[in-house]
Amino acid sequence: MSFLLNGFFQAIELLASGNAETYSAIFVTVKVSSYSMTCSLVMGIPLGFCLGYFDFRGKKPFRTIIDTLMALPTVFIGLLVYAFLTSRGPFGGFGLLFTVPGIAIGQTILALPIVMGLTATAVENMDEKLRITILSMGANRRQLFLSSLWETRHGILAGAVVAYGRVMTEVGISMMVGGNIKWHTRTITTAIALETNKGQFAMGIALGLVLLTIAFCVNVSVALLRRRT
Amino acid sequence: MEEAVYKIRSLKHSYCGQTVLSIDHLTIKPASIVGLVGPNGSGKSTLLRLLGLIEKPAEGEIRFNGRAVEPFSHNARFQITLLPQEPFLMRRSVFRNVAYGLRLRGDSVNAIERVDEALAMVGLSSEKFSRRPWYALSGGEAQRVALAARLVLRPKVLLLDEPTASVDAASAQLIREVSLKAREELNTTVIVASHDRQWLYEVCDEILHMVKGRIFEKGHENILFGPWTKLGPDLWGKKLSDKQYIRIPAPPNDDVAAILDGLSFAGDDETIDDRKFVLRGVVTRFNLERNSGRLFATVLVENQAFTLELTNQQAEERTVFPGKTISICYDPDHMRWI
Numbered sequence: 001m002s003f004l005l006n007g008f009f010q011a012i013e014l015l016a017s018g019n020a021e022t023y024s025a026i027f028v029t030v031k032v033s034s035y036s037m038t039c040s041l042v043m044g045i046p047l048g049f050c051l052g053y054f055d056f057r058g059k060k061p062f063r064t065i066i067d068t069l070m071a072l073p074t075v076f077i078g079l080l081v082y083a084f085l086t087s088r089g090p091f092g093g094f095g096l097l098f099t100v101p102g103i104a105i106g107q108t109i110l111a112l113p114i115v116m117g118l119t120a121t122a123v124e125n126m127d128e129k130l131r132i133t134i135l136s137m138g139a140n141r142r143q144l145f146l147s148s149l150w151e152t153r154h155g156i157l158a159g160a161v162v163a164y165g166r167v168m169t170e171v172g173i174s175m176m177v178g179g180n181i182k183w184h185t186r187t188i189t190t191a192i193a194l195e196t197n198k199g200q201f202a203m204g205i206a207l208g209l210v211l212l213t214i215a216f217c218v219n220v221s222v223a224l225l226r227r228r229t
Numbered sequence: 001m002e003e004a005v006y007k008i009r010s011l012k013h014s015y016c017g018q019t020v021l022s023i024d025h026l027t028i029k030p031a032s033i034v035g036l037v038g039p040n041g042s043g044k045s046t047l048l049r050l051l052g053l054i055e056k057p058a059e060g061e062i063r064f065n066g067r068a069v070e071p072f073s074h075n076a077r078f079q080i081t082l083l084p085q086e087p088f089l090m091r092r093s094v095f096r097n098v099a100y101g102l103r104l105r106g107d108s109v110n111a112i113e114r115v116d117e118a119l120a121m122v123g124l125s126s127e128k129f130s131r132r133p134w135y136a137l138s139g140g141e142a143q144r145v146a147l148a149a150r151l152v153l154r155p156k157v158l159l160l161d162e163p164t165a166s167v168d169a170a171s172a173q174l175i176r177e178v179s180l181k182a183r184e185e186l187n188t189t190v191i192v193a194s195h196d197r198q199w200l201y202e203v204c205d206e207i208l209h210m211v212k213g214r215i216f217e218k219g220h221e222n223i224l225f226g227p228w229t230k231l232g233p234d235l236w237g238k239k240l241s242d243k244q245y246i247r248i249p250a251p252p253n254d255d256v257a258a259i260l261d262g263l264s265f266a267g268d269d270e271t272i273d274d275r276k277f278v279l280r281g282v283v284t285r286f287n288l289e290r291n292s293g294r295l296f297a298t299v300l301v302e303n304q305a306f307t308l309e310l311t312n313q314q315a316e317e318r319t320v321f322p323g324k325t326i327s328i329c330y331d332p333d334h335m336r337w338i
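Chains as they are written, first to last, in the working numbering: chain E, 1 to 229; chain S, 1 to 338.
Think of the hints as simulated: they come from the structure by calculation, not from any bench.
A few of these clues could be false.
To be verified - Pulled from the structure, derived: some chain E residues nowhere near chain S, Cβ distances all over 12 Å:
1. S17
2. K60
3. L72
4. F84
5. F94
6. G95
7. R131
8. G138
9. A139
10. W150
11. A158
12. K198
13. F216
14. N219
Stated by the list, open to error - Here are the simulated DSS-like pairs of lysine-lysine, each with C-alpha atoms no more than 27 Å apart in a straight line:
15. K129/E - K238/S
16. K212/S - K243/S
17. K129/E - K56/S
Just so we're clear, the structure is a prediction, and the values are computed from it rather than from any experiment.
All residues carry an ideal CB built from backbone N, CA and C; glycine is no exception.
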């Protein structure tokens, strides 16, 4: 077990010394997850709200599809996105394969159903009396939407945290769509996989610690946000 | 002549294909207090939700101050407010809950003073309650905060759905007083659904009886509900005890409800028409109708309550008082099926 302990100390050293390769992976991870989370939240919250709030024909089968997509394997998403972005694919001309935006597209596909599904669940669990109260105060449609959204914020936030967790920790999409190119598309998770294969435990552990720290920071921020509101 | 605040025509509403409300015509005068009485499931809350523009009726039209309205109607949504039976407070302080409606209107002028005033109207000190979070209130306090959140809007119409059903006696009394004050001070039309008939008789200008989604009577008629059983040849009725039955002519079906007209006081020494049936029950309370001065006694025959109109002379001469057992009689031919 001593190699693990040694790896831990070397990891601290790598982070403290500002190792460029390590920080490049961290930077790419933060960048790509920010892109994908922004897209999935901007699209997923309104769509999830509509899915949970309104009754329409085909709602149940649609909901089942969204719930199924919440469990999509990342390598399968990677495969599909690769097929679409490769030079022989329909979007090959955009040159997005092996780029950060290419990974972000795949991660958006991963996070979007989670944000939509958990937002819809939060809205479905919303107390009917809330809607009556907001309407009885004279709200217009926009105010009803925003007030309902605000009152279900904790459920939506929980959905966003779950989606962020999946995006941060996925390997399949980053590896297949990004290609794990050093300095360009290498993320924390693909770097861990590569370094472990090479027997470089120190860098793997260092990057794992960073992932844990980011996850911890996100959860503390969310907890503080919940307490403040 | 002052224009009606509400005019309803051919209103119908249904849930899951089942009609729960059907009103051909209804007019409500401005600055009046209107009571809705009826059993659970009679459509009182549905009517209030439609009048409160919470839901759109399946059919028909609601006109408010002469204009057809529906949910989100700009001319009406700031003038009508509904207090549901179970208060719902948003996850924020009492102050922010009461000021919520003002914020929706973009009306922040003297908001602090107006919220304080509304809280004072419902008997809550702003110093003590303003900063309290929503979860630190008792059921009665939450109901009063919810009422304050409506009163601060100075509504033209205040719809109250069983406002005293889940609060203690003191809170109930306060809510009753505030509802009257809203009419007197703000010239608000108050429409209230309640099982508290005594209160409704005291304060209402008009009482509407609702049964199975329809308004049947405007008054104090007795409505009897089935199921009816066959008691003998050509005789149907409902057993109240071993000795007493409500007897009725053959009903169209065994679950039909009936309006009983012409219930009258029957002294023990009076000769009673052969066609009438007599029931003996205990007077449980008196109600004096505020506007007309008419006197009503609630007579409990086993578990069935009847409302009996009495003259002052009858009450005095027969020394009718709560707790006294009296006889009442009715003519089964004066029964209308609904």
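Comparing the hints with the structure gives:
1. S17: holds, 47 Å
2. K60: Consistent with the label, K60/E stays out of reach of chain S, its closest Cβ about 16 Å off (over 12 Å).
3. L72: Non-interface label stands for L72/E: nearest chain S Cβ at 34 Å, farther than 12 Å.
4. F84: holds, 42 Å
5. F94: Nearest chain S Cβ is 43 Å from F94/E, so the label holds.
6. G95: Non-interface label on G95/E holds, nearest chain S Cβ at 47 Å vs cutoff 12 Å.
7. R131: violated, 8 Å
8. G138: violated, 4 Å
9. A139: Violated: least Cβ distance 5 Å, not greater than 12 Å.
10. W150: violated, 9 Å
11. A158: Since the minimum Cβ distance to chain S is about 15 Å, A158/E lies beyond 12 Å and the statement holds.
12. K198: holds, 51 Å
13. F216: Check passes; 26 Å lies beyond 12 Å.
14. N219: holds, 21 Å
15. K129/E - K238/S: At roughly 39 Å apart (the allowed maximum being 27 Å), K238/S and K129/E break the hint.
16. K212/S - K243/S: Status violated; Cα separation ~30 Å.
17. K129/E - K56/S: Given that 27 Å is the threshold and the Cα spacing comes to 17 Å, the pair holds.
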